[in-house]
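Asker: The residues making up each chain are set out below.
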Amino acid sequence: MTRVFVSADMASVALGADALADALAARGCEVVRTGSRGLFAIEPLVEVESDGGRIGYGPVGPGDVPAILDGSHPNRLGDVAALPFFARQQRFTFARCGITDPLSLSDYAAHDGWKGLAAARAAAPAEVVRTVRESGLRGRGGAGFPTGIKWQTVLDAKADEKFVVCNADEGDSGTFADRMLMEGDPYCLIEGMAIAGHAVGAGHGYIYIRSEYPFAIRVMREAILRSSHLIAPFVLEVREGAGAYVCGEETALLDSIEGKRGQVRAKPPLPAHVGLFGKPTVINNVLSLAAVPFILSEGPQAYAAVGFGRSRGTMPIQLAGNIRNGGLFEVGFGITLGELVNEIGGGTESGRPVRAVQVGGPLGAYFPPAMFDLPFDYEAFTAAGGLIGHAGITVFDDTVDMAHMARFAMEFCAVESCGKCTPCRIGSTRGVETIDRIIAARDTGPAGAAAVGGGLGKALHSRNPGRAATDGPANIAVLRDLCETMKFGSLCALGGFTPYPVLSALDHFPEDFGDGAHALPAAAE
Amino acid sequence: MTQGQAIDRTPPDPRDAAVLDAVIARHATMRGALLPLLHAVQEELGHVPDAAVPAIAEALNLSRAEVHGVITFYHDYRRAPAGRHVVRICRAESCQSRGGAAIEAAAAERLGVAMGATRDDGQVTLEPVYCLGLCAIGPNAMVDGRPVARVDGPALERIAIEVAA
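Protein chains in written order, with this note's numbering: chain A, 1 to 525; chain B, 1001 to 1165.
Extracted from the complex, chain A is given alone in its bound form:
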């Protein structure tokens, strides 16, 4: 019987992988459902096992099955791993994703699984923490805080109970690495969490997964059931989010697990001291925890050997939006934005020129192609007025209206604000209104802006019609001022970082904000 491999990843299924798998099964194939290889332009993808290794065909549909099985289909790709998109990668964390059956314990063990946990459990907790510190691993959720130092703090904390929490509330648009890892190699995350539990003295772990990821929730729950005897006495549990973006903020996430509204806590105290249920808690992103098994099994030097500056190891970068070769690209830090977007990504899918890329999700800055020599590195991006965040890169072609994207950033913040601090709760709504006035002035001149109806019209005319300025330059000054307030006055990154997309759009694409934008270069800062 012919063995074939078809991804069951949510993205693959959305592209029609289930129908392909059914058609293959109907022709008598033994279908193994894997995770996704991570290049969506070749999906739905099937790999047919042969004496010379797996032969890939993609994109293909159910009607292509006969031609696939007799080897005559024109979309034959050969060895998928040898395609340029994959050959250039350094897959430390995603080594198994797309290759193994995600829920097969024997597959996992046969592909170096559980080696890291065995190495960790053979060592003292302090030794494990030292290994992670020496690897240079930094938090992959966005903040880039050294993981080993966080673990050390929890290890040193005295308490009757400690927790390990995995932040799998991957809400940033343009990111999907957490989802792919959980669906494609769940035991890798489980192993990483069990290592963390051993390292800090925690017996219980929680994985908080957003409800928008039903496939990941299902796979993780099943994987926990199947592997519980291997990680015992460590115990794991999945908690499902409920559609609140702000719960990706670590303290809001802890409140959410506790059964409360997902509101941000003031820090200090740090979660490492007072975390879940008031106990010392390691809270790490999926990718941070999933990097740990490799570090323990291969040694910290193997991980730290790649990278750039103080950003060590690899980053699973997500190429998203209007891009030809969208997908997951894991590589050492230091690769430039231009290489990622143009060489690897192949430019826009629409074939039009790239105008802007947003890096790091809804709170990340927009960069123009003029800045494509920027190396992928925490410090370099901070210096350039942005952040790498969770390493999602969303590409826009020249049809994008950057004033609308700036407005969307404020609108999103208004929808998702937890409401605890004023700059975020009120500022975001004022930001939407101000950008509406800027767009109205741009499109119709100040007279048009004054004629805006609805809630905005009321706000403009409720007291003194002259109170709110209607011309572009005055409103841009207000917007920059508002961004300053949000940046420095908000309790967490939602309100604090929403100014990044807004200000970067203003700074790099002033022509989209009307005549006034040029006159006020970088007034903020």
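Just so you know, the hints here were simulated from the structure itself, not pulled from any lab data.
Each statement offered as a hint is correct.
The calculated lysine to aspartate or glutamate pairs, modelled on EDC-like cross-linking and capped at a C-alpha distance of 16 Å, are:
| # | chain 1 | residue 1 | chain 2 | residue 2 |
| --- | --- | --- | --- | --- |
| 1 | A | K260 | B | D1076 |
| 2 | A | K279 | A | E161 |
| 3 | A | K115 | A | E298 |
| 4 | A | K279 | A | D156 |
| 5 | A | K260 | A | E240 |
| 6 | A | K260 | B | E1066 |
Dock chain B against chain A, hints included.
Answerer: What follows is chain B alone, placed relative to chain A:
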């Protein structure tokens, strides 16, 4: 944030009450049980009726205000039943970069319901979602829990026919 509406104080009907009791019993010993409990109630009843709040509050030793606060904070919990079909369309940046705004408008037009609303005949609810994690193959939608990528005119037509049934 969801705007609060007046709380419906009618007691749950007996069938709902039995379901509710069973769900509460299942979560009795769980730490931080409120969100999983509400998910389970919504799974069973299709929404979280206001009438369920007092029993949930009592079981978890919370005030009714705390439970109400949680239900209204999270976008997922419904205080009223959804339509027979739920179509969620992604509004986030990656889908916008691939023409999501036009699809969003076309979906509202074709399905005859505004974004965020349930059609008067109760057949379909159209909701925004902020990212399904399928960001290189948008615009994306979720139709009754099934992900659909690269939504264009013909795909939207197929969705409309599907939810008309």
